[in-house]
Amino acid sequence: METVGTQLDPVPFRVTGDAVRAYCEATGHPQMAGSEADQSPAPPTLASVYTYGLVAQLRAKEGAILAGQSFRFLQPVREGDELRTDGVIIERFEKRGRQFMVLETETRNQQGDLVCSGRLTRILPDAPSGEA
Amino acid sequence: MEAASSPARCGRTITQEMIDRYADVSGDLNPLHIDEAFASRTAFGRTIAHGQLLLSLVSEAMIIVCGDRWLDGGELDVRFTAPVFSGDAVTAHVDPADEGDGYAVELRARDRAVILGTARCGAA
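These protein sequence lines are chains Y and R, in that order. The letter at position 109 of the first sequence is residue 109 when you use this note's numbering, and the numbering goes up by one with no holes. Numbers in this note's numbering are just positions in the second sequence, counted from 1, shifted up by 1000.
If you are wondering where the hints come from, they were derived from the structure by calculation, not from laboratory data. Beta carbons are placed, not taken as given, at the ideal position from N, Cα and C, and that holds for glycine. Mixed in with the good hints there might be a few duds.
Covered stretches of chain R, going by a simulated chain Y footprint (3 or more residues, C-beta under 8 Å) [as the list claims (entries may be wrong)]:
| # | segment |
| --- | --- |
| 1 | 1025 to 1031 |
| 2 | 1078 to 1086 |
| 3 | 1097 to 1103 |
If we strip away everything but chain Y, and leave its shape as in the complex, we get (with noise of 0.2 Å):
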């Protein structure tokens, strides 16, 4: 199981028309429209799905349930877009008898500029098969 300081693989992420669109599709969330000048942007919360790869890498999946998210969309986020998303567990703790993980993110551009940074709160499903 994870501890407080696990860094996560860095999770990277291309931002295709296909990809914005699909996430449209499947959550209903409108498409957005770019001026001329500019390519369209992607709904902010595509970044539940930029950062997923970071979740995929912990331990304690099958059950688990998200708690709590925090998100701060620094900069739009458009088609052409090359993502790479940082991790770190920045928090374990219980509450009720419930196992708590929190993981930080923050995902930045080809340009190195941060784009989105979060915060993602777990908890952890029971134990059954010996996870801690």
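Given chain Y's structure and the hints, the job is docking chain R onto it.
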């Protein structure tokens, strides 16, 4: 994109098809969301929607109130207080906060809050 000055509401009905599609798009294949047999053995008794799928509704409402300032400096902080099931009609409520310049966020389904939190537009 111009921002509105009034509260915003966005709603839709969550279906298992949406949940399955979100699982494919995000890669979040947690069986709690997509495997009825697995979910039936949990405290929920059936599959539940991904919490992050529901955040798209909040984002949509914040675009109404913030315009481009949601994409550029927007902040969201929520907790998930109850599950959302396939077939639930959910509505995001975004209202000016009682104090400060932010917004109170509430997502409601089955006559109860399923998401509670705050949000803020980016600086003008």
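(message) So is the segment 1025 to 1031 of chain R in contact with chain Y by the C-beta rule, three or more residues under 8 Å, or is the coverage claim wrong?
(response) holds (count 6)
(message) How does the segment 1097 to 1103 of chain R fare against chain Y when you require at least three residues with a CB closer than 8 Å, holds or violated?
(response) Three-residue rule not met by the segment 1097 to 1103 of chain R, so violated; n is 0.
(message) For the segment 1078 to 1086 of chain R, count the residues whose Cβ lies under 8 Å from any Cβ of chain Y; is that count three or more?
(response) n = 3 at 8 Å, threshold three: holds.
The structure shown violates just one earlier hint, number 3.
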